[in-house]
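There are 2 protein chains.
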Amino acid sequence: MAMTMVKREIVCSDSQGFAAALSKAMKAVATSTSIPILTGIHIHAEGECITITGSDDKTMVRIVQKSIGKAIGSDPVSFVVPGRLFTEIIRKLPPGEMKLQIEENKVLIQASKSSFELKTMPVDEYPLRSSNPYTVSFEVEGSLFMKGLSSMYAASTNDMRPVLKAVCLSGAGNKLSFVSTDSHRLSQIHIVMDEEVDTFMNVLIPSTSANEMIKLLKDEAGKVHVQCNDGELRISVNGITFSTRLIEGTFPDTKRIIPQDFTLQFTLNREELFGSLERVNIMAQESKNKTCFFHLVSSGTIPSLNINAMGEEVGKVKEQVFIADFKGEELKFAINAKYFVDALRNMSSKKITILGNGATSPFIIRPVEDDKDLALVLPVRMVS
Amino acid sequence: MAMTMVKREIVCSDSQGFAAALSKAMKAVATSTSIPILTGIHIHAEGECITITGSDDKTMVRIVQKSIGKAIGSDPVSFVVPGRLFTEIIRKLPPGEMKLQIEENKVLIQASKSSFELKTMPVDEYPLRSSNPYTVSFEVEGSLFMKGLSSMYAASTNDMRPVLKAVCLSGAGNKLSFVSTDSHRLSQIHIVMDEEVDTFMNVLIPSTSANEMIKLLKDEAGKVHVQCNDGELRISVNGITFSTRLIEGTFPDTKRIIPQDFTLQFTLNREELFGSLERVNIMAQESKNKTCFFHLVSSGTIPSLNINAMGEEVGKVKEQVFIADFKGEELKFAINAKYFVDALRNMSSKKITILGNGATSPFIIRPVEDDKDLALVLPVRMVS
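Protein chains in written order, with UniProt numbering: chain A, 1 to 384; chain B, 1 to 384.
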């Protein structure tokens, strides 16, 4: 069968600009092979606009750029190639002009005296998901949204209760709240936007997706556009779009478990406490319960929080951190060292306030400068 | 039993200076536990001189420093502690003064308001190997010696012939030679010293030790002091000593396999060829034999080396590199792509010369600027 082939070609002025865009999209490309087409990367060129899409069964990254290349002729050009191989090839091409010539089952890649022929994958099989209409849509400063997503550190990694593997996003007025909990600890971050949103609740972003989103977008300046519907959240900035399926189910009502009144309160320097806890944690990790023990002492010249841990067979450690603004009574309590360390690592304020209601009630950690945010840690019951 | 304890204490002005020295010695500390005492780190303090020793059954790192701390009193102080744990503790201490107080079965570590108690290991069990007298001893610029050791890339990783897992060091007059080979390829580096040595041959440094040596000492300026005897090589610079057991056996006579006369010779830009080979290697890695195919073409306007590889089921690649100073006839040959890439990566000259005697004879790669060094690569027999 003779046929007249229309020349389908993409010309890029710099192979390495194209490689940089590919690398971003590759972050979502599946490495496992349960659905082979998802190991491919989808390239679409229309005039001067190049769209690169990578996805797995949960997330998708799409890069739309006007500066990295153009399709020759008026027809759009689409193809799918093995993602890892294609990206490795483009990344290792000499810098400078590169041509992609798309033929029936292959793409020819040419740059300087280098010429590759790479088999393509069936472009019609690639699932360019169309989204249901978005019911939520707003713009917010990217760095604030990423800060909110960082609450994911407290999410569960256990498959038993999938809803706890999420960051729970809600919005009302000009406020967004992000909550994660694994039922032993909780992180809650509030951010304030320039605009108002219609109230929405219980958008469950997988914590793994939240992590990918932060890695992909943390260096992008400006506002991000966030949209979501029942099953998907999409975030776009500077021609980069990341979308993720949402987790189905109902997030626990965490308001119920965050105490509002406290009999105990004190303030500490965050970095000093963090340093002490990191050291105590070295020994706690050598113990069976990975627990560190706290003793609030108000009787000394300066009230202090004394911390200790015993490593089985290896040794022990004692630390002392001075505290201020102490209200309440002397107390002994025990906490999983890692939970406490994680909570402090994810705060940035100079000082923190710790609040509680005794050795068997949840402890709350609040940044002094940003007291809408909080971390909650359940204590470990002490054997007396 | 009452006893009067002599106070045994080491005072360090900066915990982080001590931590830096520990981290270096830790590079040799065993992570496996076949000989438990070797998971420990040996500390010896005598006046203002601190000696830190870490070792496994093959290598040893010893750090001798006069600025990081001092023993209180006139008696020397020695102890052994679990290496990983001790280093992690010291590294996380607040900067500033630190005290180590050595008691019968433990060491107390104090810095600011932090205080650790760490069980010690039996100091008498620690094997502070004494060395047989050294028969070889010389000083040489460290960067040159490290360059020589880099020939290890061509050493074997196969246990079948242990002597091939070595860098073979020999010396005569003011010259040192380093040779490694896995029997498919070979690397040979000559360096010239300021001083002369008595002739020695066949010092077989394990390539893994050569690699550790480079990582430990690459940033140390100045001359290194190298000593060896029948079973051990020791290298010292700036208070850091690295020693390694040698491999026993006789290294093959590599002079026999390096051809001296050639019917084929041409020169190329090293970086250009390296870039081409790296790209061809992407496809070669997708083929069964990981081979790339070469075609020397002298008939064009400019003589060139054409290179290609076929990736099974994924595609193929063609590259062209112009050559100069061509002597010989057109030729087709095949080489394992990775061997060629490794050889070029470990050279630094701008231009290289390739020499050979046909498609079934060894090919020699020489830096044009440093033609005492060479890499040898055996070709793959082509199916015609």
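Since the hints were made in silico from the structure, they are not lab data.
Among the clues, some could well be false.
Identical chains share a label here; the pair holds if one copy fits it or two copies do between them.
Straight-line C-alpha distance at most 30 Å; calculated DSBU-like pairs for lysine-lysine [unchecked claim]:
#1 351 / 99
#2 350 / 70
#3 66 / 288
#4 175 / 318
#5 218 / 92
#6 70 / 255
#7 288 / 92
#8 92 / 338
#9 175 / 113
#10 318 / 215
#11 119 / 175
#12 332 / 223
#13 27 / 327
#14 24 / 106
#15 332 / 288
#16 113 / 70
#17 255 / 318
#18 290 / 58
#19 338 / 27
(message) Tell me the numbers of any earlier hints that the structure contravenes, in ascending order.
(response) Per hint list: 2, 3, 4, 6, 9, 10, 11, 12, 13, 17 and 18 violated.
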